[in-house]
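Chain residues, written in single-letter form:
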Amino acid sequence: MKNYILKRFLQLIPVLLGITFLSFAMMRIAGSDAITELYADKGAVAQEIIDAKRAELGLDKPFLVQYGAWLFGLITGNMGTSYVSGKDVFGTFVSKLPATLLLAFLSVLVTVLVSVPLGIISAVRHDRIADYLIRFLSFIGNSMPNFLVALLLMRLLAIRLKWLPVISNGTGLKSAVMPTLTLAIAMSAKYVRQVRAAVLDELNRDYVIGMRSRGIREGVILKNSVLRSSLLTIITLLAISIGSLLGGTAIVESIFMWDGVGKLAVDAITMRDYPLVQAYVVWMAVIYVAVNLVTDLLYHALDPRIRLGEEKR
Amino acid sequence: MSEVTVRVQKIKKDTVRTRLLIFGVIALLLLLASIFSEHLVPCDPYLQDLANAKAAPSAAHWFGTDRYGRDMLSRVIIGSRVSIFGALLLVCIVTLIGTAVGILSGWCSGKVDTVLMRMADIFLAFPGLVFAMAVAGVLGGGLQNAIIALAAVTWPKYARIARSQTLSVKELPFIKAAKLAGCGTLQIITRHILPNIIGSILVTAMLDIGTMMMELAGLSFLGLGAKPPAAEWGSMVSDARSLLTSAPWVVLAPGGAIFISVMVFNLLGDSVRDYADPKMRGR
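Protein chains in written order, with the numbering used here: chain A, -17 to 295; chain W, 1065 to 1347.
Careful, some of the hints might be misleading.
[What the hints assert, rightly or not] Looking from chain A toward chain W, a few residues come up when the C-beta cut is under 8 angstroms (computed):
no.	residue
1	Val(-3)
2	Gly123
3	Pro127
4	Gly229
5	Ala232
6	Ile233
7	Thr252
Think of the hints as simulated: they come from the structure by calculation, not from any bench.
We treat Cβ as the ideally placed atom computed from N, Cα and C, and that holds for glycine.
Produce the complete structure using the sequences and hints provided.
Next comes the structure, spelled out in structure tokens:
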């Protein structure tokens, strides 16, 4: 297990380098650096001034040296200043991160609470009315883009029923209801199907038939054996869907004016505030990689087949 | 007993085929409508009529009019060009690139394989839409750039499928036989490997059309895809956000159009998968 953890951490290094390199290179492809942005609205500026500023910021150095410097800054939390507000990029990003993480956490929570029971019901009662109904709903949810879900919720809960404020004020729980629901609906629609498939897979195994033939009650089989063995798949699939959740937060946050990094990024992209976009892309990827790593380790720690196999070797 | 099972299987196969046919025809009609949308519109989709702005759905304007009095039905029809045709184009591009890279990677193995697959890993390490947003933003929005951005995020998935399929086919005896018979590498790949692996790739592609449609609309919604006044469903919904209270049909018409088209293509994708692999039914 220790070896495995070490190996996984070592494997991370090239991926992290790749992520940072790609994010850095992308902003260069945009053909814009701090200088062009700095002097964009100042009219003609003498070449000497530009060159001096370039040297001061280290922009006259070769590409890889610049990347190295940027990477060092990334690790030490110095990601430059925003082109638009002039504020520290890393500080701005970190100050908005909790709101997004809260939203992501709430959506995952709602998703699990809704789709795990529904998925199990759907699998146990497969090809009956409950199953058809759940699959139908999941299908509808899968075909709706999240911005449409958001606007429909807004129309229903805020405008028609007047239960909630249309636009969130701050990041209170009442404002969190609609963004959370939007993200959770999209995520549950996919996840319910996967939970159902995982449980159904397990229910069709030979040992289940064996247990049934020995007269063990269906509920006991389900609780003690089937759910236990499909739990791992369920956890893994949840972690995979976090990727689309992180992307979805951007759209949902900007619709509901939720003050998180997603909205920050969308605003930054519209205003071509590249350092902020860079910070967003890099850190979102790092979070995603970290989530995947934790899931992988958890999977290894929880699955006796893998765990014991490792120890024997 | 066995006769009954065979008959049940036959019936199931038949319903799958019927489903495939029905959704295939509907999807084809949608595609044709999107290609010939210019000839289908009842009014000029860009003609403004401010006196008749935000009119509710009526016999003259089935889906009502937007804030500039433009006919929503015509705009929805014209918008299908970008949304449906654009998504299909995107899926084609991604399938081509991904398959080419995957076959190359699986066939060459060794260093080429390692480099290509590490690249794929890096692209896969980004949460999809986050990366697509950044790429589209850097490239400056516009439909073409939105398609490039989504292609950049999606190709690794296809490359991985194509690679693993190539690896499993590569060592089979008939490939060795083809080599012995003097076939060139290109011929082996196009005549012997591609036909054997294309099935699962096409199924994945069919299942992805709906998702691609939604993501393309999502980028446009954020202002990173087709730009107004060009009619595109995502940007039309985004543009109409503020009218949610006063003229909900301006949101519902393009929103409903996305929903229905995604649903049709998802149903088609599911049918194709069930047809290709009966074991996956109802998953």
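Cross-check of the supplied hints:
1. Taken as an interface hint, A:Val(-3) checks out: its beta carbon lies about 5 angstroms from the nearest beta carbon of chain W, inside 8 angstroms.
2. Proximity of A:Gly123 to chain W is violated relative to the hint, the smallest CB-CB distance being about 11 angstroms (cut-off 8 angstroms).
3. Hint on A:Pro127 holds. Least Cβ distance to chain W is approximately 4 angstroms, under the 8 angstroms limit.
4. A hinted interface residue such as A:Gly229 counts as satisfied when its beta carbon comes closer than 8 angstroms to some beta carbon of chain W; here the least separation is about 3 angstroms, so the hint holds.
5. Of the supplied interface hints, the one on A:Ala232 holds, with its beta-carbon coming within about 6 angstroms of a beta-carbon of chain W, less than 8 angstroms.
6. Residue-level restraint check for A:Ile233 holds (minimum Cβ-Cβ distance to chain W is 6 angstroms; threshold 8 angstroms).
7. Hint on A:Thr252 holds. Least Cβ distance to chain W is approximately 6 angstroms, under the 8 angstroms limit.
Hint check: a violation occurs at hint 2 only; the rest are consistent with the structure.
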